[in-house]
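Trainee: Chain order of the listed sequences is A and B.
Once you know that position 9 of the first sequence is -3 in the numbering used here, the rest is easy, because the numbers rise by one and skip nothing.
Residues are numbered in the numbering used here as their position in the second sequence, beginning at 1, plus a constant of 18.
These are computed hints drawn from the structure, not numbers from a lab.
Treat the hints with care, as some may be off.
[As the list claims (entries may be wrong)] Covered by chain A, according to a simulated footprint, are these stretches of chain B (three or more residues, beta-carbon under 8 Å):
id	segment
1	68 to 81
2	104 to 110
[Unchecked claim] One side of the interface only, derived from the structure: several residues of chain A facing chain B at Cβ under 7 Å:
id	residue
3	Met(-7)
4	Ala(-5)
5	Arg(-1)
6	Gln7
7	Glu10
8	Val21
9	Pro26
10	Gln71
11	Pro76
12	Arg145
[To be verified] The calculated lysine-lysine pairs, modelled on DSBU-like cross-linking and capped at a C-alpha distance of 30 Å, are:
id	chain 1	residue 1	chain 2	residue 2
13	B	Lys53	A	Lys61
14	B	Lys139	B	Lys166
15	B	Lys101	A	Lys206
16	B	Lys61	A	Lys206
Where a beta carbon is used, it is the ideal one built from N, C-alpha and C, also for glycine.
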Amino acid sequence: MIRFMLAIIRRDLLLVARQPAEMINPLVFFLLVIAMFPLGISPEASLLSQTAAGVIWVAAMLATLLSLELLFKLDHDDGSLEQLLLAPYPSWSLVIAKVFVHWLVSGLPLILISPLIATMLFLPSEAVPTLMLSLLLGTPTLSLLGAIGAALVTGVRGGGMLLTLLILPLYVPVIIFGASSVAAAAQGMPGDGYMALLAAMFVFALMITPWAAGSALKL
Amino acid sequence: MSFIPSAIPELMCTSDLACERDFRVLYSGLSLSVKAGELWHVKGCNGAGKTTLLRQLAGLHPVDIGKVLYPQTSIKIIYIGHKLGLKEQLTADENLSWLVGLDGSSTQLQRYAALERAGLKGYEENTVAQLSAGQKRRVALARLHLCKADVWLLDEPFTSLDHQGIEDEQDWLNQHTLAGGAVLMTSHQEVSLPQVNILDLSQYAELSSSSPSSGGGSST
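Kindly produce the complete structure, drawing on both the sequences and the hints.
Mentor: Next up, the structure:
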């Protein structure tokens, strides 16, 4: 089964490498939102440092959502999803592999450039480790929860809007606690409680998603 | 082909299988027994449920009424549908590599040999997007040589193949059945092999469920 998952991961990464635009897209979107935000509000350092946590988190969520629709859709359209489901392995292993690649491509780059973004938005430097850690816990949760919606709307034409509606309520707690942890750290307060909740949500999503999305794919 | 029917192992059977789509019964009471070495040609007009039948047999479409059974435990099935499962951005060789890699393994040498048998010598490193419809089908079919599957479920395998391609493929079907495999395929073209059995879905349309005794249509 590990070999099956590795085969999927290798193939999906190869596909991303062949079409790097797909990989850069969420990242560019993320950067654009963050670059435009000070222009729209005000470039004042005090205001920006207060809003930075929320902006970064909302932008990260939107960037994740942007690429989610295609998570299973491309495989469904060309028939490779059928072949993946026919393989003699449980469908949850396929979900884990696909979500892992999704996170690797859409979540990990965000985490890596987040220190830069934090500086752009005048986030106090003490809060940067918290920001990175909260994103590290939060973005996989976003990818995992999103996979349930993506699996449900796979066969539906124009499922993008439906996906957003389905998934957004699930994203709300992640956003709240993610942004709160960074805001707390920016004010010099401990964010451990928020972090624990984020970790709990991640573990919960990790338990429920592979099973739920795997079943949804078989519909 | 069938001198001692009882000694030939049964690879797959259905009992009273039915299919309903959008409140329309496509077929019902379909009892079929597929033995090693048999080639079944599923016939029926458009919308008769040929594709759905193959998908039910493969386990891709839910079976609500009736049963699909694989009497032997270690039966390997290969299903190639209308959608070929190829990635446009990958080369023919890479596509084969991951498709075969789903439940087996292959060396590059084997894949090149399979592609050559499929008439794609020299196209191994072309991306599938660059290939024609018939060549794409050949890439998908080349997989048949690499996966050692017992049962082949092929949905319209002759589509967009040229004359030579169809002849070659019939040759493979022949060899596979002679080697003890079984094939179920749909096609609107005739299969010119002596061991072909016809399964006409129109016999099972609507209310013909009272006569499952026919055992699944005429044979040889």
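Trainee: All hints, please: hold or fail.
Mentor: Structure-based check of each hint:
1. 68 to 81: With 3 residues in contact (Cβ-Cβ under 8 Å with chain A), the coverage given for the segment 68 to 81 of chain B holds.
2. 104 to 110: Since three or more residues must qualify, the claim that chain A covers the segment 104 to 110 of chain B holds, with 5 doing so at under 8 Å.
3. Met(-7): violated, 11 Å
4. Ala(-5): holds, 4 Å
5. Arg(-1): holds, 5 Å
6. Gln7: holds, 6 Å
7. Glu10: For glutamate 10(A), the interface hint is violated, since the closest Cβ of chain B sits about 10 Å away, which is over 7 Å.
8. Val21: violated, 28 Å
9. Pro26: The hint is violated - proline 26(A) has no Cβ within 7 Å of chain B, the shortest such distance being about 38 Å.
10. Gln71: At 4 Å from the nearest chain B Cβ, glutamine 71(A) passes the 7 Å test, so the hint holds.
11. Pro76: Holds: closest Cβ of chain B sits about 5 Å from proline 76(A), inside 7 Å.
12. Arg145: violated, 16 Å
13. Lys53(B) - Lys61(A): It is violated: about 37 Å lies between the C-alpha atoms, which goes past 30 Å.
14. Lys139(B) - Lys166(B): holds, 22 Å
15. Lys101(B) - Lys206(A): holds, 17 Å
16. Lys61(B) - Lys206(A): holds, 27 Å
When the structure is compared with the earlier hints, violations turn up for hints 3, 7, 8, 9, 12, 13 and for no others.
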